[in-house]
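Colleague: Turn these sequences into a full structure, and let the hints guide you.
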Amino acid sequence: MTNEEYALRVEGLRTRLYKTAILLMGSHSQAMDVLDEAVYKGLCSHRKLRDPSLFDTWMTRIVMNECYNELRRQKRLVPIEEAPEASAEEFDSLPLREALQKLPRDLKDVITLRFFSELTVAQTAEVLHLPQGTVASQQRRALKLLRLELGEEENQ
Amino acid sequence: MNRNDEFKALTRALEEEAPSLNASLRKAERRRARKRYMIRPLIGLAAVFAVFVALVNLSTPVASALSRIPVLADLVRAVRFSPSLEAAVQNDYVQLDGQSQTKDGMTATVEYLIVDDQQLHVFYRLDTEEPDSISTIPSVILEPDVSFYVVSNLSQDSEGDLMHAAVFMTQTPEHLTFRLQVMDCDDPDLELVRFDFPLRVDTTMIAPAKTRVLDQPVELFGQRFTLKQLEIYPTHITLHLEEDAGNTAWLDQLHFCFETEDGKQFSAGSSGLISRGEDNTDSALTYYAESPYFYEADSFKLVVSGAKLRDKSVWIPLDLETGESETTFPGYSFAGRKIEGNQSVVSFLVETDSIFGDHAWPISFYDKAGRSLNTNLDSMYNEDQTHVETYYLDTTDRVVYMKPIFTDRWQPETPLVYTIH
Chain A
1 MTNEEYALRV
11 EGLRTRLYKT
21 AILLMGSHSQ
31 AMDVLDEAVY
41 KGLCSHRKLR
51 DPSLFDTWMT
61 RIVMNECYNE
71 LRRQKRLVPI
81 EEAPEASAEE
91 FDSLPLREAL
101 QKLPRDLKDV
111 ITLRFFSELT
121 VAQTAEVLHL
131 PQGTVASQQR
141 RALKLLRLEL
151 GEEENQ
Chain B
157 MNRNDEFKAL
167 TRALEEEAPS
177 LNASLRKAER
187 RRARKRYMIR
197 PLIGLAAVFA
207 VFVALVNLST
217 PVASALSRIP
227 VLADLVRAVR
237 FSPSLEAAVQ
247 NDYVQLDGQS
257 QTKDGMTATV
267 EYLIVDDQQL
277 HVFYRLDTEE
287 PDSISTIPSV
297 ILEPDVSFYV
307 VSNLSQDSEG
317 DLMHAAVFMT
327 QTPEHLTFRL
337 QVMDCDDPDL
347 ELVRFDFPLR
357 VDTTMIAPAK
367 TRVLDQPVEL
377 FGQRFTLKQL
387 EIYPTHITLH
397 LEEDAGNTAW
407 LDQLHFCFET
417 EDGKQFSAGS
427 SGLISRGEDN
437 TDSALTYYAE
447 SPYFYEADSF
457 KLVVSGAKLR
467 DKSVWIPLDL
477 ETGESETTFP
487 GYSFAGRKIE
497 GNQSVVSFLV
507 ETDSIFGDHA
517 WPISFYDKAG
527 RSLNTNLDSM
537 YNEDQTHVET
547 YYLDTTDRVV
557 YMKPIFTDRW
567 QPETPLVYTI
577 H
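So the sequence lines, in the order shown, correspond to chains A and B.
Okay, so the first sequence: first residue is 1 according to our numbering, each after it adds one.
Okay, so the second sequence: first residue is 157 according to our numbering, each after it adds one.
By construction, these hints were calculated from the structure, which means they are not laboratory data.
Small disclaimer: the values here were computed from a predicted structure and weren't measured.
The C-beta atom is built at its ideal place from N, Cα and C for all residues, glycine as well.
Mixed in with the good hints, there may be bad ones.
Stated by the list, open to error - Calculated pairs, BS3-like style, for lysine-lysine (alpha carbon to alpha carbon, straight line, at most 25 Å):
1) Lys384/B - Lys457/B
2) Lys366/B - Lys457/B
3) Lys183/B - Lys41/A
4) Lys366/B - Lys384/B
5) Lys41/A - Lys494/B
6) Lys468/B - Lys524/B
7) Lys164/B - Lys102/A
8) Lys144/A - Lys164/B
9) Lys164/B - Lys108/A
10) Lys468/B - Lys384/B
11) Lys144/A - Lys102/A
12) Lys457/B - Lys420/B
13) Lys420/B - Lys366/B
14) Lys384/B - Lys420/B
15) Lys144/A - Lys108/A
Unchecked claim - To give an idea of the interface, some chain B residues facing chain A are shown, with a C-beta separation under 7 Å as derived from the structure:
16) Arg159
17) Leu166
18) Ser180
19) Asp342
Said to hold, decoys possible - What the simulated footprint calls covered on chain A by chain B, stretch by stretch (three residues with Cβ under 8 Å from a Cβ of chain B suffice, anywhere in the stretch; the number is not a length):
20) 15-21
21) 29-39
22) 91-98
Modeller: Structure (structure tokens):
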């Protein structure tokens, strides 16, 4: 892939990458900082990507990793096992965007990738290094907590 | 609004506010073009250890008559960082080469040599269509009877600019091969092109060294040394010390400079090598500094302003599985160990400010019996905070031992001054 092709592919993915970054980081400025870093890292290493059909997943993973790096740096990344779980009632009372932020990290990752980054279950499993079955069950759990009824058509 | 409507509204809002990433792409391109470059000093067989310095040219440009001559203007620019080399150029102490080779769309040209009995400075150029995606590694191939201590890459890679490598040798030979490897920036182990230039040095044009015997005893933080001798070459001065066998500390670094009667200073290490050790001691007893060779004066002064010493008894264990150590080194953190065959590949994250700072980071690793384990070092850094140092250690042991570079600093209230005629 040439640098020009990389630039076109990244720009084509801008909406998905932005949604991923802003939902994980919480603010526009922090999302843009993360995207700057991810775009730079992608530029430096896109030649190593052997299969261009994996570009979307690969780039999403870079963005996700950069979000975690930044959250870790800011000490905002709470280990999954330590995160307090909010009750279903608490989620009900919150606007969706805030409710998303309240989700346990593993569920938030799945919802973000599936319905905002528009990845399939298989791609989400690939990005998160999880079995597809685990992704499917976490998706069900998260949707239930958020009282969302989303199917495949919502992430096309 | 129900949750699904809320989801659709949120999705729509985020899509509307999603900015173009063209600005991020431009920033990334500029950042990449600022060049990350690789420090990979090539250590020669004759060097037991050597201390390197950051080679950043901060000197004020000095107008020179030669800068008006187009062919040498780039050379004058390239040597501004070194008073010795600047004086060499001003005194026409330069040999022209002019060999050029083209391979795979890249053209390498060796332009000038500045050479004395122990140092060879090669000034070369690399023209390529993709200067941002390559880095260069200069090296030399010598006859078996000549050893080199180190080849310093003194230039950042950039298209068209004159680049500079310094070779520190036991004796400059008449014939040698200058090798320039062009590497892929993204994969530093991938060699894209290799140029081999057979160089012929006109040894009849080499200015002879001047030797001054000092034989001055000096006590540094209670440790006894002798300032033995100076060898004054056009490109550098070599200062030799001896140590007392009864010392309880090694000499890590001597801080000194040479000063002329009118106050001009010639300090250490601007060509990449500050000091060198020998195989029977941990002390650095040979030092390199800028040279007043071309400076006309009856005398000049050696000014010793401080030293760093290391207590011989201090060893620090490091657990390569966990990274735990009883001593921490500010700016350095353990990143992990990978076993490859009989070797451990150990990485440390380094804050960029710490790379060339005044720190006690060990660099050398040993086994329990005191055997040195270092075989190679890769040091990659960017302008961000993601510098990584990777050490290739000749062991699969879980615990290795580090010796800090220094444990004590010595700084006299009044510097020691020796007049040299």
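Colleague: Hints first: check each against the structure and report whether it holds.
Modeller: Each hint, compared with the structure:
no., hint, result
1, Lys384/B - Lys457/B, "holds (15 Å)"
2, Lys366/B - Lys457/B, "holds (15 Å)"
3, Lys183/B - Lys41/A, "holds (12 Å)"
4, Lys366/B - Lys384/B, "holds (14 Å)"
5, Lys41/A - Lys494/B, "holds (23 Å)"
6, Lys468/B - Lys524/B, "holds (15 Å)"
7, Lys164/B - Lys102/A, "holds (19 Å)"
8, Lys144/A - Lys164/B, "holds (17 Å)"
9, Lys164/B - Lys108/A, "holds (17 Å)"
10, Lys468/B - Lys384/B, "holds (23 Å)"
11, Lys144/A - Lys102/A, "holds (14 Å)"
12, Lys457/B - Lys420/B, "holds (10 Å)"
13, Lys420/B - Lys366/B, "holds (20 Å)"
14, Lys384/B - Lys420/B, "holds (24 Å)"
15, Lys144/A - Lys108/A, "holds (13 Å)"
16, Arg159, "holds (5 Å)"
17, Leu166, "holds (6 Å)"
18, Ser180, "holds (4 Å)"
19, Asp342, "holds (6 Å)"
20, 15-21, "holds (count 4)"
21, 29-39, "holds (count 4)"
22, 91-98, "holds (count 3)"
Violated hints: none; the structure is consistent with every hint.
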